[in-house]
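Trainee: Listed below are the residues making up each chain.
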Amino acid sequence: MTVLFLVAIVLALAVVGYVVARGRALSSVKGNVRELHSLPGYYGWHGFIMASLPALALLSVWLIVQPMVLERTVATLMPTETTADQTAFKLAVADIRRLAAGLDVAVAQGAMTEEEARSLNSESSNVRDTLAGVGVALGSDVSPETLLAAQEYRVKSATGTLWRMIAVIAVAVAGLAYAVSVTNAAFRARNRVEKVVLALLIASASVAILTTIGIIWSMLSESINFFRQYPVFDFFFGLTWSPNFRGGSELGFLPLLWGTLYITAVSMVVSVPLGMFTAIYLAEYASPRARAWIKPVIEVIAGIPTVVFGLFALITVGPFLRDWFAQPLGLGNSGSSVMTAGIVIGILNIPFISSLADDIINAVPQSLRDGSYGLGATKSETIKQVVLPAALPGIVGAILLAASRAIGETMVVTMGAGAAAKLDLNPFEAMTTMTVKIVGQLTGDTDFASPETLVAFALGMTLFVITLGLNIIALMIVRKYREQYE
Amino acid sequence: MKDINIEERVVSDHKVKITARGVQVHYGTTHALKDVDVDILSGTVTAFIGPSGCGKSTFLRCLNRMNDTVSSARVSGSILLDGEDIYDKRVDPVQLRAKVGMVFQKPNPFPKSIYDNVAYGPKIHGLTRSKAELDAIVESSLKKAALWNEVKDRLAAPGTGLSGGQQQRLCIARAIATSPEVLLMDEPCSALDPIATAQVEELIDELRSQFSVVIVTHSMQQAARVSQRTAFFHLGHLVEYGETGQVFTTPKDPRTESYITGRIG
Amino acid sequence: MTDASSAAPALPNRVHSILTESADMRRRNAAEGRFKLYGMAAIAVSFIVLGIMLWTIFSDGLSGFQQAKLTFPVTLTAETLDPKGNKNRDEMAKVTTVGYGKVLAASFKAELAARNIPTDGVTEKELVEIISKDAPGGLRARVLADPSLLGQTIEMTMLATGRIDGYLKGRVTMQTAERDGNVSPAQLQFADLLIDAGILKTGFNREFLTNPDASDQRPEAAGLGVAILGSAYMMLLVLIMCVPVGVAASIYLEEFAPKNRWTDLVEVNISNLAAVPSIVFGILGLAIFINFMGLPQSSSVVGALVISLMTLPTIIIATRASIRAVPPSIRDAALGIGASKMQTVFHHVLPLAMPGILTGTILGLASALGETAPLLLIGMVAFVDNYPSAPVEGFFDPATALPVQVYSWASRSDPAFIERSSAAIIVLLVFLVIMNVTAIILRRKFERRW
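Chains as they are written, first to last, in my numbering: chain A, 1 to 486; chain B, 1 to 265; chain C, 1 to 450.
Worth flagging that the hints you see were computed from the coordinates, not collected in a lab. Keep in mind the model is a prediction, meaning the values are calculated, not measured. Each residue gets a CB set at the ideal place from its N, CA and C atoms; glycine is no exception. Certain hints may be false.
Said to hold, decoys possible - A few chain B residues that face chain C, going by a derived Cβ cut-off under 10 Å, partial list only:
#, residue
1, L41
2, R90
3, Q95
Unchecked claim - Footprint (simulated), chain B over chain A, 3 or more residues, beta carbon under 8 Å:
#, segment
4, 168 to 175
5, 368 to 379
As the list claims (entries may be wrong) - DMTMM-like cross-link-like pairs, simulated, lysine to aspartate or glutamate; straight-line CA separation at most 25 Å:
#, chain 1, residue 1, chain 2, residue 2
6, A, K195, C, E79
7, C, K445, A, E299
8, B, K89, A, D370
9, C, K341, A, E299
10, C, K169, C, E126
11, C, K102, C, D146
12, A, K195, C, D264
13, B, K106, B, E150
14, B, K106, B, D35
15, A, K379, C, E32
With the hints as constraints, model all of the structure from the sequences given.
Mentor: Have a look at this one:
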């Protein structure tokens, strides 16, 4: 809350900056606005920006740096065997934070005084019980080192917070003073304000790049951790996937890749013909009126969340395929299967392919169709022999994008494909995919030091690389194709 | 492979090929063509001239029912091809277009090889039984379109790689490969440079011996150069129709005269 | 006509009148018809699947808005609930739900005896089990809130257990009950008696929309309250975080960005981010927002951050399209009278592009509302039965989201949760429909042609 309070103070100062700077600008020309370089409002905004922006920037930096510094200080108070091991250290720090927060709550509720909180020691009193009394549950009894560290942490963080407040307010006031001091009739306030706005716009546009960097960095660093504990070769070429949280796991990637590709293939068999024929009908045959109501209905499918398709796979498609195909054919009796997930993903992808293909088919110039009709070709002959070949690159791009979506689809496979990692040809057998295993390894209790958890990051990285590759190729093809007709 | 059927037809010179009576065309609420009567003769180049938007292209597109592909267009009146109403319910426009071929304003070769462009029509109409027959049709069509010598060594190259004039001649070759009886040309030279235009005009004159050619053109000089008969359209009306020499030298209608002398256009 | 063509030499269809259809033409037209049919069939498949899907969801889920409830007078015996007899709330709080369960059971049996409803065939335990395990908790909260109720007899309506609810809705039958360890045919027969007596009946299930989630044994008490609140918090945060950044980025890229490597890089990044699998964003959220920045797991704020990053490309693409639709003449007009580029954009272009931006934003939010996979990774699938507190602190409290609730119910074993899951989808779809319809209306209303 104190952070919010601080932000509120800074914003209040900024408003003061607006009013004062604007007033000063006006008084410098005795109310004759024409003599000002910029409109009075710009002087005001200049004051606002100068008072708030540097202060808020300092605040955000402080918020990130302070915990890091505190962690390092606390580390010196802990036994070396704890600090040496990454995981144990992280856990210990989390304990210290929880304890420190608990002490804060206790003080706030009056269960102990500030003095008590600082001088408390584990021999004389049971910290765990005291804190439980104010509603803070601790997992285990508190060791003397942890208590000491937590007390130190509290004190240091309180000091840090105090200094943070002082520094931020000082910067805000300094900015305000600067803005007011430079304000005079000749000052180019508008140019300055516009420069700041432009910088903000550029920063916003760069968020996309930051996101990509974040994705790559987060997955790469944990993947490297994983490959330190598990051989790269065994991961990429291993034929068995059997994680075991007690150790001795086999984390072979190939069964997952096989499941992913098998399900993707089934989905493409469903979605490509259906999506293409839908697009062809809409682009070439449907009357404008039919198109006006068919297209929105198809788009409804695209708007339905994937979890709904997942439930559909789980309770409708799975049992149907099991009872009518798998069991009569003697191919197994699992409701979750490659077929279930593949068919449902295929359906999910129909509107995606059809709307992309529709655009691409519409981009084929009418003159080519006219040329073909003029020679006495029927509509279907024109489509098959002129329109589709002309649109082929774009269609290939659309299909690659659809494949990348199928590979990355998570909910349908989590609910419809099963969890057993297998290298099998039977499409009615439950198999699993990379995405299912990412969800599986990262939900529930996770231990970020064990290879069984970290493998999810390696899987994520692989998934990212595969889909990124497909997307880049697809976008390149589509872009090239567009240029051809522009 | 000889063009036996085509040569047979040449005998019946100057017979009426197409008869149009009271043709009206509406595009949505626009009345594009009003009550047009025209007889088009075989073995003749007929030119349609007139200012932009006068309806000449619209009328041309009625002759092989290309207007069917525009959903808002409505055509009434009668157009007879060899005495048969082409707007009759029983007529399949696809079959009609095999008889009445069309070449468009902008060269529009398919994104396929030169060979496949020309072979496209014969293939879809099932005109050939063997590869050799098809080869022969492609060769003769390209020869008739005066393109053979330029492309015979690169038949597998894409048609879109040719120059503008070559592309348009390829489109003509493509159109005559299906052995149509009438060839409609919608401003075939408007996208071409003067040299290419001259080549195509020369070609049109030669085609006259085998097909009835109807050409829409912007340029009166071109109409005068290539056609035997000329029709002048203005604001959706057929103003005047007759021998090209007569229309250009002694126009009956004052509007025709104004257009020819450059007062409307 | 056909015989003529078969007798014809090399080029059969040339001698044909156009008024008759040649054999070749008939074949080609048949092919044409088939091709067109494939197109219609493909569309029909989509329609049928959509129909089946909606039908399954509605037929499974609509009953979730109804719930079997028991109504009978409950005597709140003071001796059990307030052993010290001083109506002190803290002292009373020591009585757990077990004590309240006993009170309910006693009142229930008393009512049955009073109404002469025969209980033979049903054991005492089976009898009590008809009352939901959730009921004692509700009663306890009510009494603690108002200790003056002690000693009184109040008319109370409470949930019946999930299997009895299923029986009333046709999900549980005598046959399934025989194989089911959680319910016996005798209980079902007894339920019939209760229905006849008017004690047991189904009514509108308001609690479904307000209750928090409930554990595996109490499907009848599970509700969407926390999920709806969590989703609302996330959408609000996405709106606050994603829209300004998205619009600012679009303005920059459309109006100011020079043609250089950096701009190209940004463009490529945006189009690639739009195609990155959503689960990858979940990994990003877990690694950066939770593990690195230390934001609390399962909280709306982390969910919103992840979803914002995912939705950003959608919003940017929509915004850029509507900015591009503003004709250059308007920019020229403003620049021509001496406005700066920035003034032109903010005073003229942006207001004109606003309806398009708004529509794009709503559609982006609608797709964000249904996003599930990344939320699983940041812990929103955890069982949360406390409401998050009010903003701003509530953004950091554990919460769950509508689509995640659908998933977590679907993965529970009790079939009663499939009904809940489908009903949750109906709620989700209602929100999506509202958002989409709003977007369509806005688009129609502000549609502008230049």
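Trainee: If a hint holds in the structure, say so; if it doesn't, say that too.
Mentor: Going down the list of hints, with the structure as the test:
| no. | hint | result |
| --- | --- | --- |
| 1 | L41 | violated, 19 Å |
| 2 | R90 | holds, 5 Å |
| 3 | Q95 | holds, 5 Å |
| 4 | 168 to 175 | violated (count 0) |
| 5 | 368 to 379 | holds (count 11) |
| 6 | A:K195 to C:E79 | violated, 76 Å |
| 7 | C:K445 to A:E299 | holds, 21 Å |
| 8 | B:K89 to A:D370 | holds, 22 Å |
| 9 | C:K341 to A:E299 | violated, 38 Å |
| 10 | C:K169 to C:E126 | holds, 20 Å |
| 11 | C:K102 to C:D146 | holds, 19 Å |
| 12 | A:K195 to C:D264 | holds, 22 Å |
| 13 | B:K106 to B:E150 | holds, 20 Å |
| 14 | B:K106 to B:D35 | violated, 28 Å |
| 15 | A:K379 to C:E32 | holds, 7 Å |
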